[in-house]
Amino acid sequence: MTENLHLWAIPLLPLAGAAINGLLGRHFKNAVVSTVALFFTAMSFGWAAWAVKSAWPGGNIALPHTETVGTWIWAGKFTVPFGFYLDQLSMIMVLVVTGVGFLIHIYSVGYMAHEGGYYRFFAYLNLFMFFMLTLVLANNYLLMFVGWEGVGLASYLLIGFFFLKDSAADAGKKAFIVNRIGDFAFLIGMFLIIQHWGSLNYDVVFNGVSQLSPEAGWGLLTAIALCLMFGAAGKSAQVPLYVWLPDAMEGPTPVSALIHAATMVTAGIYMIARSNAIFSRAPHALEVVAIIGCLTAIFAATMGMAQTDIKRVLAYSTVSQLGYMFLACGVAAYSAAIFHLMTHAFFKALLFLGAGSVIHAVGGEQDMRRMGGLRKLIPRTFWVVTIATIAIAGIPPFAGFFSKDEILGQVFASPHGGKILWAVGLLTAGLTSFYMFRLWFMTFFGELKLGSVDVGEEAHKASAPAHAAHDAASHAHGHADDQSHGHGGVHESPWIMIAPLMVLALFSIVGGWVGVPASMGGHNEIGNFLSPVMHASTTAKIVAVERGSEAAGHQTEEPKENSSEELMLAGTSVLVALIGFYFAWLLYYKRPELPDRITAKIHGIYLLVLHKYYVDEGYGQLIVKPLLALSTVVFWRGVDQGVIDGLVNGAGSASKGIGGELRRIQSGNIRSYAAWVAIGGAAVIAYMIWIGVAK
Amino acid sequence: MVPLSWYLILSAVLFCLGVLGFLLKRNIITIFMSIELMLNAVNLTFVAFANYWNAHGGLLPSGKPVVGLSGHVFVFFVMVVAAAEAAVGLAIIIAVFRTRETLNVDRVNLLKL
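Protein chains in written order, with numbering that gives the first Met the number 0: chain P, 0 to 694; chain Z, 0 to 112.
What the hints contain is simulated information worked out from the structure, not anything from laboratory work. We treat Cβ as the ideally placed atom computed from N, Cα and C, and that holds for glycine. Do not rely on the hints blindly, as some may be mistaken.
Sample of chain Z residues with no beta-carbon within 12 Å of chain P, all distances over it, derived [unchecked claim]:
1) 1
2) 69
3) 97
Using C-beta positions, here's what the derived DEER-type ranges look like [what the hints assert, rightly or not]:
4) P/680 - Z/106: 22 to 30 Å
5) Z/46 - P/651: 52 to 60 Å
6) P/658 - Z/15: 33 to 41 Å
7) Z/90 - P/672: 14 to 22 Å
8) P/630 - Z/108: 54 to 62 Å
9) P/651 - Z/41: 40 to 48 Å
So the derived list for chain Z, only partly shown, Cβ under 8 Å to chain P, looks like this [unchecked claim]:
10) 21
11) 22
12) 105
Throw the hints in and build the complete structure from the sequences for me.
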């Protein structure tokens, strides 16, 4: 312990903001609310930056750096501290969370300006920051779990922010409940860890894992890894638990950007990367992770192609990109996963915020079919969204290219991966490029179908579709207030919204440059930076059951002989991205009548995709309905009404009946009372005599 | 000398008569008299035992000899209490008679549900 960085302040600062705004914000002016929220978030970001700078590898602070501020649970030998853990992995996470979080806070000031519940929004947002930072800074699984549940809570509150709208309230509940299924598995995983190592502290557990002999603990580690993986699948919206994320788009757009794209949903990836010591020793669990990630990536990408709601396209894109990260974890390329997590945080937050800016501009409309031609009307938004679209499509030298290429390369080369996983990943990359450019063309090119620029507010309101009614209404209000801007209908967002977009756009361009692979003349700094954290897996892997498996940090030494192959892989993925772009261009720009003809041709498949493969309906029929029936018939009517109410009512009616019978004794007849006294007296005497005889 | 058991048998007979009178008679005055009979049956037991222990030098559980007059003293206590009780009881009987105009206990049965 060299220097005290007071890491506890990083999460607690936003908590203070949440407390002030949550308890007193009702009485504040909007400007005060946003000042408080921004101040504490900025402080947190500053503190995090300072801590990272002070603890930068090579300095006088040994990493991982642990700070314990107290004991939380103390039961026999088992203790859980309030401990914070700073290493290369949590450095990246904490900077992404506070940095992107701060930018989104700024954006929200503009975006939420005309919404009700302004203070509530910022209180929740700050609360989210607190829990997310707890999650990434905890030094044990239980404290991580606190953050894990807390971000779920914040997510629930923010998805259901427009709680008067039924669909928003339902979406909040859905997110919470689906997450709970994953959390259950996470808890079981933690119980297994406690049982075998008696502690949840990362250092104890990972040490314990690395000290197991190669053959030992295989089943145990696989079980733990699978439990953790399932928990991560819930939080990170993977098959089969991804269904909550698209619905989560009911929340305000900055929430979608912060929670459901950049930070919270990546918690599962973080958790797996954090637990790499366990996962790397459980190759079968890794296989499952890779397959789930791969399935999610392709599945969500195809669903994203048919969506018409701009936010839902991005939601499925998020699910798909998270699938990529899962896939990377599954081939033990944790560094690549974290790299993609970081770049994804930049460009996906940018996409969501850009989409928010578009929605803001067109008065709450979310249906892309009604958009178009916005390129000229909101040029700044157009340019930043363009940057983000190129970044996510994987075209060099934007950020997404390097991280995606890193993942695909690792999948191709890693012994855990394989050609099939790689091919699916590549196909997904093409689909990603296609649906993102589809969004881009539909939104920014062609004709504006809302009506012309001169159309006034009334037409906007009239054309607002039912499903976006609330947003539309609230934004239309915003418009009425914004009349002073003077453009009437579609207008560019205020600078307070555009400025964060520009910062994010910058990072969407340069964010990938920290991971330029050696084959392209870079040094893959991020891989080297993270390799100490993934070191446990390196050593473990050497002795792992699967001989010859590659270390997570192998990209540093291996690529020399394979650089041509890597370049070829990168070229392939760029080519695929361009093909995706070409088809999007062809279908949605050059010949916009083609999509209708194609969908008419393959009507069945189109409907299947449009309805998201009927997964929600399937879950409803296969799980929710039987569960509801079971609960109704067995648990409600049977156990609750039959057994529990039966016991309670039975006790009541039994005493009533007994009382009714005993009441007859009280006849009011004094001689019968006397007889009872006499009988009682006789019985006492008889007992005493019997006692005497027994002696 | 009359043996102790004779006194006790007489006492038991008297007590049982009291009990039976209490249970079987309806007239409240007769019932009252039956109570007196029971009390006096007990008194007889007290004096009989007192006499018996005096004659045989019995010991208390604590090891001390039985003091000659303790049984007799209890009899006086019982008599005093019985007298007090008779006063209260007769007052109640008069009150009952005034309100119900009867001395039949079967008709004094207000104390029931």
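Verification of the hints:
no.: 1; hint: 1; verdict: holds (25 Å)
no.: 2; hint: 69; verdict: holds (22 Å)
no.: 3; hint: 97; verdict: holds (18 Å)
no.: 4; hint: P/680 - Z/106: 22 to 30 Å; verdict: holds (26 Å)
no.: 5; hint: Z/46 - P/651: 52 to 60 Å; verdict: holds (55 Å)
no.: 6; hint: P/658 - Z/15: 33 to 41 Å; verdict: holds (34 Å)
no.: 7; hint: Z/90 - P/672: 14 to 22 Å; verdict: holds (21 Å)
no.: 8; hint: P/630 - Z/108: 54 to 62 Å; verdict: holds (55 Å)
no.: 9; hint: P/651 - Z/41: 40 to 48 Å; verdict: holds (46 Å)
no.: 10; hint: 21; verdict: holds (5 Å)
no.: 11; hint: 22; verdict: holds (6 Å)
no.: 12; hint: 105; verdict: holds (6 Å)
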